[in-house]
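Enquirer: Which chain is which? The protein sequence lines are A and B, in order. Once you know that position 76 of the first sequence is 80 in our numbering, the rest is easy, because the numbers rise by one and skip nothing. Once you know that position 40 of the second sequence is 42 in our numbering, the rest is easy, because the numbers rise by one and skip nothing.
Hint data in this document are derived by calculation from the structure and do not stem from the laboratory. Hints are not guaranteed to be accurate.
To be verified - Mimicking EDC-like on lysine to aspartate or glutamate, the simulated pairs with C-alpha atoms at most 16 Å apart in a straight line are: (1) B:K73 / B:E62; (2) B:K73 / A:D65; (3) A:K15 / A:D65; (4) A:K137 / A:E86; (5) A:K137 / A:D200; (6) B:K73 / A:D68; (7) A:K15 / A:E92; (8) A:K15 / B:E71; (9) A:K137 / A:E170; (10) B:K73 / A:E92; (11) A:K107 / A:E92; (12) B:K73 / A:E14; (13) B:K73 / B:D85; (14) A:K137 / A:D149.
Claimed, not checked - Stretches of chain A that chain B covers, calculated by requiring three or more beta carbons in the stretch to come under 8 Å of a beta carbon on chain B: (15) 58-64; (16) 90-103; (17) 150-163.
Unchecked claim - Pair by pair, the computed Cβ-Cβ distance ranges are: (18) B:R56 / A:E154: 18 to 26 Å; (19) B:E45 / A:G29: 23 to 31 Å; (20) A:K167 / B:A63: 43 to 51 Å; (21) B:E71 / A:E30: 44 to 52 Å.
Glycine is no exception: its CB is placed at the ideal position from the N, C-alpha and C atoms.
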Amino acid sequence: MALSADPTFEKLRTGLVCGWRDITGEPWSGRSGRYDPDQGAAWTTNGAGPHNMQLFVLYPDGPDGVVLHCLPGYWETHDLAEELAFAEGLGRLWASDLPRAEKDRRFREAHLAHIGAHSQETVDRSQLQNFDKGYERRRRPDTSDCILREDSLQPRRRPRARKPDEFKTTDQIVHERMAARPFVRTQDFDVEAFTDYGRPKYDKKKPVLLEEIGETVRERRRS
Amino acid sequence: MNRPIAFALGLALLPLAVASADPGDRAYAARTRGLAAGAAKVESRVEALTTRIRWETSLEAALARGRREGKPVFWMNMLGRLDGTT
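Turn these sequences into a full structure, and let the hints guide you.
Expert: What follows is the structure, encoded as structure tokens:
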């Protein structure tokens with residue numbers, strides 16, 4: 005849905021060359037519940053389903069391209085369009101005559117700085133799913149880079165909705181991970197590590213609706 | 003819980019969840035929860051996506067086109083098919 009809605013749709017149609025491939029069977033791909041177009045579509049949060057989908061922006065250099073940006077999972081159309089525009093700027097940086105070390109430095113800086121440029125609405129839409137938070141909390145409470153710690157980069161904005169918690173938002177997680185991978189060739193990009201947050205199995209609709217039901221029941225009990 | 007029943011229950015309870023939230027929650031809920039589009043809308047969107055944009059299925063071909071047209075490449079890894087079941 006995000007790709008077929010403006011502003012992303014128009015950007016894809018006019019500003020980029022588009023391609024796709026089915027990753028079913030890849031060792032790092034997710035296992036998803038079956039989903040058909042005739043079932044409709046549910047809203048979800050940015051970065052949901054990182055193992056099921058990865059959106060890359062590549063500079064068409066060399067035999068396999070250079071990774072400018074990678075967004076795992078679903079991204080809302082306005083937020084995605086912003087990230088595509090950001091990646092186009094990195095393409096101009098890659099094409100410049102600057103020394104490679106300087107390009108890498110600016111790449112890192114740009115990705116980290118972009119976290120602070122995200123709107124409050126983007127941050128609100130970028131909360132980790134509760135089941136992904138639970139997975140990270142249980143499996144790697146001391147090492148997960150999804151958890152906001154005292155020595156983490158402190159974001160300018162925190163999500164307004166729901167109760168505050170210790171988790172970074174996905175818009176921060178992806179830029180931090182990209183900052184650690186300046187201008188990597190596509191074949192060398194470690195998709196498995198990059199998309200490694202949350203549960204490996206993600207059903208696009210059912211958990212969202214079940215989570216919603218659970219929250220509503222809890223709210224009604226409290227009131 | 004039976005899947006269709008859970009889905010129907012979710013839809014039925016959605017207005018309660020939104021009504022009880024503060025304005026910030028409502029803005030958040032508007033684009034992160036619930037049904038985004040019904041089947042007909044999704045199918046027409048999929049058709050527009052697959053017919054109005056030329057999609058390459060080989061990375062090599064996409065990069066070659068990107069070089070020719072002077073454009074970056076948007077490349078999507080996805081579980082399933084662009085034009086159908088995912």
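Enquirer: All hints, please: hold or fail.
Expert: Cross-check of the supplied hints:
1. A distance of roughly 14 Å separates the Cα atoms of K73 (chain B) and E62 (chain B); the hinted pair therefore holds under the 16 Å criterion.
2. In summary, the hint linking K73 (chain B) to D65 (chain A) is supported, as the alpha carbons are separated by about 11 Å, within the 16 Å threshold.
3. Note on K15 (chain A) and D65 (chain A): the hinted pairing is violated, with a Cα-Cα distance of about 21 Å set against a maximum of 16 Å.
4. For the hint linking K137 (chain A) to E86 (chain A), the alpha-carbon distance of about 25 Å lies beyond 16 Å, and the restraint is violated.
5. Pair hint K137 (chain A) plus D200 (chain A) holds up; C-alpha atoms about 12 Å apart against a cutoff of 16 Å.
6. Between K73 (chain B) and D68 (chain A), the direct Cα distance comes to roughly 15 Å. Compliance with the 16 Å bound is thereby established for this hinted pair.
7. Proposed proximity of K15 (chain A) and E92 (chain A) is supported: the alpha carbons are some 11 Å apart, at most 16 Å.
8. For the suggested pair K15 (chain A) and E71 (chain B), the alpha carbons sit about 15 Å apart, so the restraint of at most 16 Å is met.
9. This hinted pair checks out: K137 (chain A) and E170 (chain A) have alpha carbons roughly 9 Å apart, not beyond 16 Å.
10. Only pairs whose Cα atoms come within 16 Å are accepted, and K73 (chain B) paired with E92 (chain A) is accepted, the gap being roughly 9 Å.
11. The straight-line distance between the Cα atoms of K107 (chain A) and E92 (chain A) is roughly 14 Å, inside the 16 Å bound, and the hint therefore holds.
12. About 14 Å separates the Cα atoms of K73 (chain B) and E14 (chain A), which keeps this hinted pair within 16 Å; it holds.
13. Restraint check for K73 (chain B) and D85 (chain B): the C-alpha separation of about 24 Å exceeds 16 Å, so the hint is violated.
14. Distance check on the hinted pair: K137 (chain A) and D149 (chain A) sit about 12 Å apart at the alpha-carbon level, within 16 Å; holds.
15. Figure legend: the stretch 58-64 of chain A, annotated as covered by chain B; annotation consistent (7 residues with Cβ-Cβ distances under 8 Å, at least 3 required).
16. For a cut-off of 8 Å, the count of residues in the stretch 90-103 of chain A with a CB near a CB of chain B stands at 3, and the three-residue condition holds.
17. As drawn, the stretch 150-163 of chain A meets chain B at 1 residues by the rule of a beta-carbon pair under 8 Å; below three, the given contact is violated.
18. Between R56 (chain B) and E154 (chain A) the Cβ separation comes to about 49 Å, which falls outside the hinted range of 18 to 26 Å.
19. Here the CB-CB span from E45 (chain B) to G29 (chain A) is close to 27 Å, well matched to the stated 23 to 31 Å.
20. Checked against the hint of 43 to 51 Å, the pair K167 (chain A) and A63 (chain B) passes, with Cβ atoms roughly 48 Å apart.
21. For E71 (chain B) and E30 (chain A), the hinted distance range of 44 to 52 Å is not satisfied, since their beta carbons lie about 28 Å from each other.
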